[in-house]
Amino acid sequence: MSGQVTYLQNLQRRAFGTPKDTALTLIVGLALAWLAWLAIDWGILRAVWRAEDVALCREDGAGACWSVIDARHRLILFGLYPFDEHWRSTTAALAIIVTVILSCVPWFWAGRRIITLWTLGFATYYLLMEGSLLGLAQVTTDKWGGLSLVLFLFSSVVLLGMPMGLGLALMRRSRLPVLRLTASLLIDFVRSLPLLTTLFTAAVVVPILLPDWLQGDKIWRIIVAFALFFACYQAEVFRGGFQAIPHGQFEAGKALGLGKWQVLWLIILPQVFRHALPATINMVVITFKETAVVIIIGLFDLLASAQAAFGTGEWVAYYMETYVFVAFIYWAFITSLSRYGEYLKDRLANEEH
Amino acid sequence: MLGWKDIRQMTAREIALQLGVIVLIVVIIVSAYQSAQYNLTRLGITSGFSFLDRDTGWSYSFSLLERSIDDTYRKTLLIGFLNTIFVGFISIIFATILGFLIGTARDSRNLGLSTAASVYIQIFRNIPLILQVVFLYAILIHFPGPKQAYALGDVIFMSNRGIMVPVFNMPLWSAGAAAGLSILAGIVLFHVNKSMLRAALLTLTATVVAFAVMLLLTRPEGEPLISVPFLKGLRFREGGTISVELAAMIVGIVLYGAAYIGEVVRGGLAAVNKGIVEAGGSLGLSPFAIWWTLKVPMALRSIVPPLGNQWIFIMKATTVGVAIGFSDLFYIVSTSITQSGQTLELIGILMGAFLMVNFALAQAINWLNRRLALKGYG
Numbered sequence: 009m010s011g012q013v014t015y016l017q018n019l020q021r022r023a024f025g026t027p028k029d030t031a032l033t034l035i036v037g038l039a040l041a042w043l044a045w046l047a048i049d050w051g052i053l054r055a056v057w058r059a060e061d062v063a064l065c066r067e068d069g070a071g072a073c074w075s076v077i078d079a080r081h082r083l084i085l086f087g088l089y090p091f092d093e094h095w096r097s098t099t100a101a102l103a104i105i106v107t108v109i110l111s112c113v114p115w116f117w118a119g120r121r122i123i124t125l126w127t128l129g130f131a132t133y134y135l136l137m138e139g140s141l142l143g144l145a146q147v148t149t150d151k152w153g154g155l156s157l158v159l160f161l162f163s164s165v166v167l168l169g170m171p172m173g174l175g176l177a178l179m180r181r182s183r184l185p186v187l188r189l190t191a192s193l194l195i196d197f198v199r200s201l202p203l204l205t206t207l208f209t210a211a212v213v214v215p216i217l218l219p220d221w222l223q224g225d226k227i228w229r230i231i232v233a234f235a236l237f238f239a240c241y242q243a244e245v246f247r248g249g250f251q252a253i254p255h256g257q258f259e260a261g262k263a264l265g266l267g268k269w270q271v272l273w274l275i276i277l278p279q280v281f282r283h284a285l286p287a288t289i290n291m292v293v294i295t296f297k298e299t300a301v302v303i304i305i306g307l308f309d310l311l312a313s314a315q316a317a318f319g320t321g322e323w324v325a326y327y328m329e330t331y332v333f334v335a336f337i338y339w340a341f342i343t344s345l346s347r348y349g350e351y352l353k354d355r356l357a358n359e360e361h
Numbered sequence: 076m077l078g079w080k081d082i083r084q085m086t087a088r089e090i091a092l093q094l095g096v097i098v099l100i101v102v103i104i105v106s107a108y109q110s111a112q113y114n115l116t117r118l119g120i121t122s123g124f125s126f127l128d129r130d131t132g133w134s135y136s137f138s139l140l141e142r143s144i145d146d147t148y149r150k151t152l153l154i155g156f157l158n159t160i161f162v163g164f165i166s167i168i169f170a171t172i173l174g175f176l177i178g179t180a181r182d183s184r185n186l187g188l189s190t191a192a193s194v195y196i197q198i199f200r201n202i203p204l205i206l207q208v209v210f211l212y213a214i215l216i217h218f219p220g221p222k223q224a225y226a227l228g229d230v231i232f233m234s235n236r237g238i239m240v241p242v243f244n245m246p247l248w249s250a251g252a253a254a255g256l257s258i259l260a261g262i263v264l265f266h267v268n269k270s271m272l273r274a275a276l277l278t279l280t281a282t283v284v285a286f287a288v289m290l291l292l293t294r295p296e297g298e299p300l301i302s303v304p305f306l307k308g309l310r311f312r313e314g315g316t317i318s319v320e321l322a323a324m325i326v327g328i329v330l331y332g333a334a335y336i337g338e339v340v341r342g343g344l345a346a347v348n349k350g351i352v353e354a355g356g357s358l359g360l361s362p363f364a365i366w367w368t369l370k371v372p373m374a375l376r377s378i379v380p381p382l383g384n385q386w387i388f389i390m391k392a393t394t395v396g397v398a399i400g401f402s403d404l405f406y407i408v409s410t411s412i413t414q415s416g417q418t419l420e421l422i423g424i425l426m427g428a429f430l431m432v433n434f435a436l437a438q439a440i441n442w443l444n445r446r447l448a449l450k451g452y453g
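Protein sequence lines correspond, in order, to chains A and B. Under our numbering, think of the first position of the first sequence as 9, with each following residue one higher. Under our numbering, think of the first position of the second sequence as 76, with each following residue one higher.
No lab work stands behind these hints, which were simulated from the structure alone. Since the structure is predicted, the reported quantities are computational estimates derived from the model, not experimental observations. Yeah, the Cβ is synthetic: ideal placement off N, Cα and C, and Gly gets one too. Incorrect hints may appear among the rest.
In silico contact screen, one side only, chain A against chain B (beta carbon under 10 Å); selected entries [as the list claims (entries may be wrong)]:
1) ALA79
2) LEU83
3) VAL106
4) ILE109
5) SER111
6) VAL293
7) LEU310
8) ALA335
9) TYR338
10) SER346
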């Protein structure tokens, strides 16, 4: 088409369209470049990299002291997991990461495939980390920590919370008043409370309310409570997906002679999942981010292991480097997930037109 | 929607299912009650709210009111509640202002501005809030001591003891009264005035007047109107202190919340009909006038509902204060539980407080929504 502006031309116009635009772009660009330079200068050019060189960190003009990461990265990534077994923790964490990456491939977006994938990934993780069923040395959950604990919390919350959320959404849509009311009350209640309150209740209050034999490990109580939190938000996401489906489809399904559950499973749910996909990924991203609060309930997550890493004498001064490292790990995971969500949203939006 | 009347239309299986759910809930409640009684007797804890009148005997970091370690649990919990509300509201106000600026920059036609805003959003939105707050706290407590404090024009000092700022020389109760009067004036003015803008400006004026009057009335004899901090010996005298915990909390929550609100605002501004903006341009309106009188009022209608969710999120986010020892309600409740053992009562109070605050906020947002609704539109 004639008169159409190319992408680059548009950018150029937005940057240098008028003298005022040019000035603004230059000022902001210089400020950003200056900040980037400060970061590169501190973090790369003047940085000290190896643990043996820690003495250099104290010299004038030394930048970031990555020696702390070189010396303590195993503590940060694996927590208190036995040193000789770290390969298990690494493989287990990779299993979860691969599971998440594979879930982004459309081929897996079918009920049975995605369920198999997640069950497999999660089972690999659990069997490797716990060990006793594979004939390896047993490591109990209180020794799990660092990044691999974060990945464990994240995947078990999503795995457990997704069916719970679907169940709550179906209950809330049910024509049976008891189911509907129970679901609405539960969803609204959990959604008005801070996540920390819910987790704290699971950690501290539930032991009082349950008989001893039902309590289980603290970590499982926290996971169930976290999954409930996830489910209550995810139920609202699914509800949005249900609302996008014209009512005629239920009737069409019925007219084909399908039963109520067949209509739901074969016709409605695949569309609900599709409509709810962007919002679901958003929820998954939020869940990943929110796992960071478990440090307060006393789990040894990435943040806790980072604080332990600079907690001993010689490394105290390098808190900044440790936090930057951990922040970067979170940022990398969260950014790639949410970027994927945005890409998917655009793709689905385009398909509909 | 079907009501109770339709019970005759239900199949036997459906009725059985519902009865099953009811029985299950009752069983859960009864057995929880029984285990609670058993466990509490074993721990030697008498349930009930009489512990509220006992003295706490412990101290904590921040309070708006006069406090001592001889305070009762009732008063300590009230202080924790006020701290949560205080930090929550301050953070909501600043995060909203910053969020509007960032969202506007993100929506800007200028490439530099929109790039800067999106860099900001990509950084602050994608790192967990608790990590940001803890990080900020670590940076602030590693500031130099009072003698080497960073000074801004000799009136603001930043040291590892917190940020010292000049304050109006008025007692706390009088500042509280002035704030209360301004809020009251704001409620009345927003109800009476049709134009949101005029109501906002009038409220701002009323706030300034209320503080000026209270300041003149209650200033201690012979002291200046504004008290400026200065270094004497090893510590600062006069002025006001924003403690390290409070500063880390507010700055952390505001930076994080603003990134989310910025996205909400950008979405709202981008959804405004282009024709309206072009019409404004052809009428010769300045870019600022287009933004303030056309885009913002139109965008507000789609901004307010998600903005309200962010406000509720910020209120709930104040619970991360416990990670840096800021005495918000969650911190006070969890310390009280360790100290007194009254777990069930205290958790009940915590939940009740959050339900109440979030319900009130949701009502306020609904009111704002109705207020903004265009006549004749959905």
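Problem set entry | Violating hint indices (sorted, rising) | Violated hints: 1, 2, 3, 4, 5; rest satisfied.
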